[in-house]
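From first to last, the protein sequence lines stand for chains P and Y.
Residue numbering for the first sequence follows this note's numbering, starting at 18 and increasing by one per position.
Residue numbering for the second sequence follows this note's numbering, starting at 18 and increasing by one per position.
It is worth saying that the hints were derived from the structure and are not from the lab.
Some hints here could point you the wrong way.
No distinction is drawn between identical chains; accordingly, a pair holds when it is met within one copy or between any pair of copies.
Stated by the list, open to error - Result set (SDA-like, lysine to any residue): computed pairs, CA atoms no more than 20 Å apart in a straight line:
| no. | residue 1 | residue 2 |
| --- | --- | --- |
| 1 | 263 | 69 |
| 2 | 194 | 139 |
| 3 | 245 | 277 |
| 4 | 23 | 195 |
| 5 | 194 | 79 |
| 6 | 23 | 212 |
| 7 | 157 | 185 |
| 8 | 23 | 114 |
| 9 | 23 | 220 |
| 10 | 23 | 201 |
| 11 | 245 | 274 |
| 12 | 157 | 271 |
| 13 | 263 | 320 |
| 14 | 194 | 245 |
| 15 | 245 | 109 |
| 16 | 194 | 204 |
| 17 | 245 | 116 |
| 18 | 194 | 25 |
| 19 | 349 | 82 |
| 20 | 245 | 113 |
| 21 | 245 | 195 |
| 22 | 256 | 281 |
| 23 | 23 | 198 |
| 24 | 194 | 206 |
| 25 | 141 | 77 |
| 26 | 194 | 27 |
| 27 | 194 | 205 |
| 28 | 349 | 133 |
There are 2 protein chains.
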Amino acid sequence: MPELRKDPILDRWVIISTDRQKRSSDFFLREKPQTSGGFCPFCEGNESKTPPEIFALRRNNSTRNNPGWSLRVVPNRFPALTIEGDLDREGIGMYDKMNGIGAHEVIIESPRHEDTLSTISIAKLVDVLAAYRERIVDLKQDKRFRYILIFKNHGHSAGASLEHSHSQLIALPIIPKRVLEELEGSKKYFSYKERCVYCDIIHQETSQRERIISENSSYIALSPFAPKAPFEIWILPKKHECAYDKEPPDSLESLARILSEILKRLDKALGNPDYNFIIHTSPIGMDDLDHFHWHIEIMPKLTRTAGFEWGSGFYINPISPEESTQFLKEAKI
Amino acid sequence: MPELRKDPILDRWVIISTDRQKRSSDFFLREKPQTSGGFCPFCEGNESKTPPEIFALRRNNSTRNNPGWSLRVVPNRFPALTIEGDLDREGIGMYDKMNGIGAHEVIIESPRHEDTLSTISIAKLVDVLAAYRERIVDLKQDKRFRYILIFKNHGHSAGASLEHSHSQLIALPIIPKRVLEELEGSKKYFSYKERCVYCDIIHQETSQRERIISENSSYIALSPFAPKAPFEIWILPKKHECAYDKEPPDSLESLARILSEILKRLDKALGNPDYNFIIHTSPIGMDDLDHFHWHIEIMPKLTRTAGFEWGSGFYINPISPEESTQFLKEAKI
């Protein structure tokens, strides 16, 4: 069973997941580059090669775990956490650990191997965003969990192990450190100003107009003032809302439009870069926070200095967000 | 001039360093792999290709910026920060910035291109460790600085842009976020227990003996209980000391011995991996902290998932520190 361990100095939990392992001797060899072609368990027709589906969008006459779907959610075959069992906390001297209970699911975004989130239609992208919400709403009922993390690794250098376009969901018995920091930082700001810091950012960016890449009636896409990496982008709802799953269903089309545009701009401006995105939403049971504002963070994978920056929390960015904004806006899509 | 900008939500500063830039259009192209062979500005005989030296260990009859050295410290030719100027803080609406004053130096560890820290003699490694201290002591006198960061990127995937073995030093007008977190976390522990958390870790590890890779009379090398990446290693002084530069000079040989052994074990066990290391020491003006304990963190670059983990602060480690410890101890060096 995987194990969650807490760093004794920092408020950070890590998963030690030796079930999905790589034996130690495997680290001797470098990771092999992702291969194109060959067998793909996520393609239509190969449904039996994934664990049974949890959720799917299907044609009326199709049956579960068979062809005829446009989107499928399945458990990760090599889950970082185990869904079965009770949460069990334990101290080992000064250290803290708990057993690795959680959900780890894969959202297969299209039956077609060649699709990507930047090439599929708006309607299909709405389906993906709606599937995220569907799974969040379902997993929120599980009292063992405190946080649901939705993220996407696109491309090998961003950590994707399969080429076929997919996102991932991890439901956790803890709140990830970065989210905790945003909750605390935004709370501090709120207790001083009595305003949401993200709402204030939207306000200031809208008047300064130097870092807005795109906006529509409901959403705004911008380069943050102090980006940790080149071309980092945030997408935020203009209306204050802390929880992704409370976003009105009829807004998802606007969200799909702006996300699609941003991914197209990145593809065009940077030559189809690998990227990660992650949804930062409020923790389970905190559906009504005045100080927190859900958002998507997108990070194209362009630089290689992560190791040092990992160790220091100190980022050197070789391009200003004003310049990257301009460059993305000028991309002809 | 480079600029320091603060994230409005988190306690994190970033450097926007467009002087050393890459123009935006360069991001379109992938980074080129580091090339072996060809001209190297760090090799003996090419002294005129670096900025003038700040510090060097030389044969008696040799002259500044000429051959005859065994170690050289020079300013980084493409510094992330500028050494000249006054610190100037400014608010832009809700945002904070200051001009990018700081030092960025390169420690060239050997005149020979083929040397690495794991292959040079203990005496030469002592010289490297002593040069770190020398530069820290000197830069501490500059009242504009609050922190001096020493780090090493070894190999292309760890962020090294030149192959010739070197470390880097950055003197900063702010304290990097990760160091701040360690200072705060260890202070919280101290105020509860009245003991240094790192001293307690050494104590518990010494009695558990599951994660100690090596130790000598003055230093211990261990795998942390909750490592953020496979084969992460910490080296700590056994005797409580918060500042690297206050380490007794006659201890540096013991430190060189354990560091050399650890790097050799990594080379052997993992096939000469790329790696980063970083020294976490106390900030300038805090030379006598009961709660903080200086240490080196070493991270071999083995996995590719940094992007997602960057965005969440949430780490999935496919090997337990007990197993990686065992694997490193068994390496025949």
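Each hint tested on the structure:
no. : hint       : in the structure
1   : 263 to 69  : neither (28 Å within a copy, 60 Å between copies)
2   : 194 to 139 : neither (33 Å within a copy, 39 Å between copies)
3   : 245 to 277 : neither (23 Å within a copy, 33 Å between copies)
4   : 23 to 195  : both (14 Å within a copy, 16 Å between copies)
5   : 194 to 79  : neither (42 Å within a copy, 52 Å between copies)
6   : 23 to 212  : between (32 Å within a copy, 19 Å between copies)
7   : 157 to 185 : within (16 Å within a copy, 47 Å between copies)
8   : 23 to 114  : within (6 Å within a copy, 34 Å between copies)
9   : 23 to 220  : between (38 Å within a copy, 18 Å between copies)
10  : 23 to 201  : both (19 Å within a copy, 16 Å between copies)
11  : 245 to 274 : neither (25 Å within a copy, 36 Å between copies)
12  : 157 to 271 : neither (25 Å within a copy, 53 Å between copies)
13  : 263 to 320 : neither (35 Å within a copy, 35 Å between copies)
14  : 194 to 245 : both (16 Å within a copy, 12 Å between copies)
15  : 245 to 109 : between (36 Å within a copy, 19 Å between copies)
16  : 194 to 204 : both (15 Å within a copy, 19 Å between copies)
17  : 245 to 116 : between (32 Å within a copy, 17 Å between copies)
18  : 194 to 25  : both (14 Å within a copy, 17 Å between copies)
19  : 349 to 82  : neither (40 Å within a copy, 50 Å between copies)
20  : 245 to 113 : between (30 Å within a copy, 15 Å between copies)
21  : 245 to 195 : both (13 Å within a copy, 14 Å between copies)
22  : 256 to 281 : neither (25 Å within a copy, 56 Å between copies)
23  : 23 to 198  : both (16 Å within a copy, 14 Å between copies)
24  : 194 to 206 : both (18 Å within a copy, 18 Å between copies)
25  : 141 to 77  : within (17 Å within a copy, 73 Å between copies)
26  : 194 to 27  : both (9 Å within a copy, 12 Å between copies)
27  : 194 to 205 : both (16 Å within a copy, 17 Å between copies)
28  : 349 to 133 : within (19 Å within a copy, 47 Å between copies)
Consistency note: the structure conflicts with the earlier hints numbered 1, 2, 3, 5, 11, 12, 13, 19, 22.
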